[in-house]
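Engineer: Letter by letter, the chains look like this.
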Amino acid sequence: MSVTEAPTDNPKSATRSRLSWLGKILRISSFRNVFRVAEIDSRLLGMLGALAIIWIAFHVLSGGTFLTARNLWNLSVQTAVVAIMATGMVLVIVSRNIDLSVGSMLGMIGMAMAVVQTEVLPNWLGIGHWAIFPIALIFGLVLGGLVGGLQGVVVAYVGVPSFIVTLGGYLVWRGGAWALSRGRTIAPMDRTFQLLGGGSRGVIGETRTWIVAAALCLAIVFLLWNARRQRTRFGFRLRPMWAEVSIGTIGCAAVLGTVFVLNHYYMAENLAKQYAAEHGIVYPAGGLQIPLGLANPVLIVLGVAMVMTFVATRRKFGRYVFAIGGNPEAAELGGINTRRTLVKTFVLMGVLVAIAAAVSIGRLNAATSGLGTLSELYVIAAAVIGGTSLLGGIGTIPGAVLGALVTQSLQSGMVLMGIESAYQQIVIGIVLIIAVAIDAIFRKRATT
Amino acid sequence: MSGTIGDRPPLVELRHIRVAFGGVHAVDDVTVDLYPGEVVALVGGNGAGKTTLIKTLSGAHRADSGEILIDGEQVHITGPRDAKALGVETIYQTLALADNIDAPGNMFLGRELISRWKTLDYSAMENATRKVMGRLNPKFLNFKDPVASLSGGQRQSVAIAKAVHFNARILIMDEPTASLGPAETAQVGELVKQLKAEGIGIFLISHDIHDVFDLADRISVMATGQLVGTVNKNDVTMDEVLAMIIMGKRPGEATEEDIHHLHE
Chain A
31 MSVTEAPTDN PKSATRSRLS WLGKILRISS FRNVFRVAEI DSRLLGMLGA
81 LAIIWIAFHV LSGGTFLTAR NLWNLSVQTA VVAIMATGMV LVIVSRNIDL
131 SVGSMLGMIG MAMAVVQTEV LPNWLGIGHW AIFPIALIFG LVLGGLVGGL
181 QGVVVAYVGV PSFIVTLGGY LVWRGGAWAL SRGRTIAPMD RTFQLLGGGS
231 RGVIGETRTW IVAAALCLAI VFLLWNARRQ RTRFGFRLRP MWAEVSIGTI
281 GCAAVLGTVF VLNHYYMAEN LAKQYAAEHG IVYPAGGLQI PLGLANPVLI
331 VLGVAMVMTF VATRRKFGRY VFAIGGNPEA AELGGINTRR TLVKTFVLMG
381 VLVAIAAAVS IGRLNAATSG LGTLSELYVI AAAVIGGTSL LGGIGTIPGA
431 VLGALVTQSL QSGMVLMGIE SAYQQIVIGI VLIIAVAIDA IFRKRATT
Chain B
283 MSGTIGDRPP LVELRHIRVA FGGVHAVDDV TVDLYPGEVV ALVGGNGAGK
333 TTLIKTLSGA HRADSGEILI DGEQVHITGP RDAKALGVET IYQTLALADN
383 IDAPGNMFLG RELISRWKTL DYSAMENATR KVMGRLNPKF LNFKDPVASL
433 SGGQRQSVAI AKAVHFNARI LIMDEPTASL GPAETAQVGE LVKQLKAEGI
483 GIFLISHDIH DVFDLADRIS VMATGQLVGT VNKNDVTMDE VLAMIIMGKR
533 PGEATEEDIH HLHE
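Each protein sequence line maps, in turn, to chains A and B. Mapping of the first sequence onto the working numbering: position 152 corresponds to residue 182, and the numbering continues sequentially without gaps. Mapping of the second sequence onto the working numbering: position 184 corresponds to residue 466, and the numbering continues sequentially without gaps.
These are computed hints drawn from the structure, not numbers from a lab. There could be a bad hint or two in this list.
Examples of chain B residues toward chain A, derived with CB under 8 Å [what the hints assert, rightly or not]: (1) Gln-375; (2) Leu-379; (3) Ala-380; (4) Asp-381; (5) Asn-382; (6) Ile-383; (7) Gly-434; (8) Gly-435; (9) Asp-493; (10) Phe-495.
Every residue, glycine too, gets a C-beta built ideally from N, C-alpha and C.
I would like the entire structure built from these sequences, with the hints used as guidance.
Structural biologist: Next comes the structure, spelled out in structure tokens:
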């Protein structure tokens, strides 16, 4: 019997384990066991390791320009659009489906939101009216839900394979994006809407960034405490105290460290001068270093990832999606309304595409009919690199976000090194295959 | 009928059930019944229609015609949820487990325990699963890993626990011992006897004639979608039941010569 299979051990053993954490860690022979006892997802750790290797390698190869506050801050913003959609793609793929239409949907919904805020609403409300932003955004979210839902209904109730439905959608929505604008570029966006895209104004500043970090740390501690409390309720075996404290410490340190680095990216000189003038500060000779803080798209990714993780792991809906992916017949026999569940996953995907579209047009401050081209491939790649199995039933939201960060890191690293975009595609394609190959090998080992 | 059954209405009656798959009568006008505390075995060759018949009761399939009565009252079962609400639990031959989900998750699939915050109550589900398993299979200790990593017997335990936990009044067991070793098969036998003593009615589908004679009170034999007949276990020999299964001949209809043929 392995260590974790022990039944309801006496909770008192947790007290004893405080004696010597180091001794305890040393006694657990291999690292794998450490992860098992601490109940850490070793897959996720592997991905973090891979990310660290990629970052360090690029840092060295690019002559020390990769691991800088400036580059990492930009990376965080560039990852946002794909990361937001990847969280939804995980559920779609887990349910044994696929959505090839997200890039085209992003183009059409982005275009629709752009048209609404620049050509429709100003006629009624006047340019710059405060209500333009919320109306345009909600319009986009509803449109996303409807478009996703329509595809979901055809998949679940009509019985057309999702590959076909969304392949059709890929063409239909891209054409729709063009039809909305007749090929024009729509710009500029509403001033408030632009904030969704980040940029020098779409940031929250140093202090609020630290507040967000503190809130995240509190959340980590709360989640650990709550999990422990739940187990105590029935006298289950508790995670050893050394593991709880280590996880909490490492988690908080990671959050604070990330924020510390990102807070070292400062406003450009002309903006800093403007800021100084607006705030009545005399601009010093040595320049003014004003941290931008987290960008709004990054906050949106954090929010989306937390909500989606909650939905995927704590709600019935998420459980049903995984059950359908594991064994559709069992889900059906369990009394689960599998069709309605599938439609919901596609609706959710559509809404997430709309959020990503809002970030995209906010960031570009424009909408073009080519917006989002090829992004379905990056979204699927992010989900798969993040551990989502195309056979269904397996995948995590944090994995997908990390997957998006890995692909974006590769891209931005290669840009820093001055590699041509054709070669960038070659590298990302190969990495995708390697990631899945490594996964397949590990899984084979785990089962035999 | 066995002696314990008086004038009470049967727990379940399936009357004149018909199911057709594109012109083929998988189940053709079959009538069977089941009393509380009784085990009725459904036997017959492959494709005899046993599983299809029973799926009309478990809600996995709609009957094209016929009626289902529970406690003497007609019921309409349109899906698995209806059947479960009526106290019908099913252990499928395929086990119907989601391999990527752990044992408690499978046990409560479709009937999850929910906390005050409308979230899945993992601890409560694990606790309930531990309790049921403590009774069914005390050696079962893996409550965290996906059931894909469990042995055949352990997976079977999960499927059985799933049916037993929800206080079934009517239990359908479709080949419950097909993937089990001798010790585990004996365990399932014990379980059947225990549930029977608690007054639960059990439909047992089995290929194993010895299991059937060991556990069943009555035996309903099906062949090519039709009911050959229902006999009281104590009134027939194994040979007579085999004659029903293989030749479709009821006891009395089969001659000495027929029985002799069976053994060739």
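Engineer: None of the hints should be skipped; say for each whether it holds.
Structural biologist: To see whether the hints hold, each was checked on the structure:
With a cut of 8 Å, the hint placing B:Gln-375 at the interface with chain A is violated, because the nearest CB-to-CB distance is about 12 Å. Of the supplied interface hints, the one on B:Leu-379 holds, with its beta-carbon coming within about 6 Å of a beta-carbon of chain A, less than 8 Å. Here the hint on B:Ala-380 is kept, as its CB sits about 3 Å from the closest CB of chain A, short of 8 Å. Given hint, B:Asp-381 at the interface with chain A, holds; its Cβ is 5 Å from that chain's nearest Cβ, closer than 8 Å.
The interface hint given for B:Asn-382 holds, since its Cβ lies 4 Å from the closest Cβ of chain A, which is under the 8 Å cut-off. Because the closest C-beta pair between B:Ile-383 and chain A is about 6 Å apart, less than 8 Å, the hint holds. With a least beta-carbon distance of about 15 Å to chain A, the hint placing B:Gly-434 at the interface is violated under the 8 Å criterion. Taking 8 Å as the C-beta contact cut-off toward chain A, the hint placing B:Gly-435 at the interface is violated, the least distance being around 16 Å.
Because the beta carbon of B:Asp-493 sits about 24 Å from the nearest beta carbon in chain A, more than 8 Å, this interface hint is broken. Given hint, B:Phe-495 at the interface with chain A, is violated; its Cβ is 30 Å from that chain's nearest Cβ, farther than 8 Å.
In this structure, the earlier hints numbered 1, 7, 8, 9 and 10 are contradicted, and the remaining ones agree with it.
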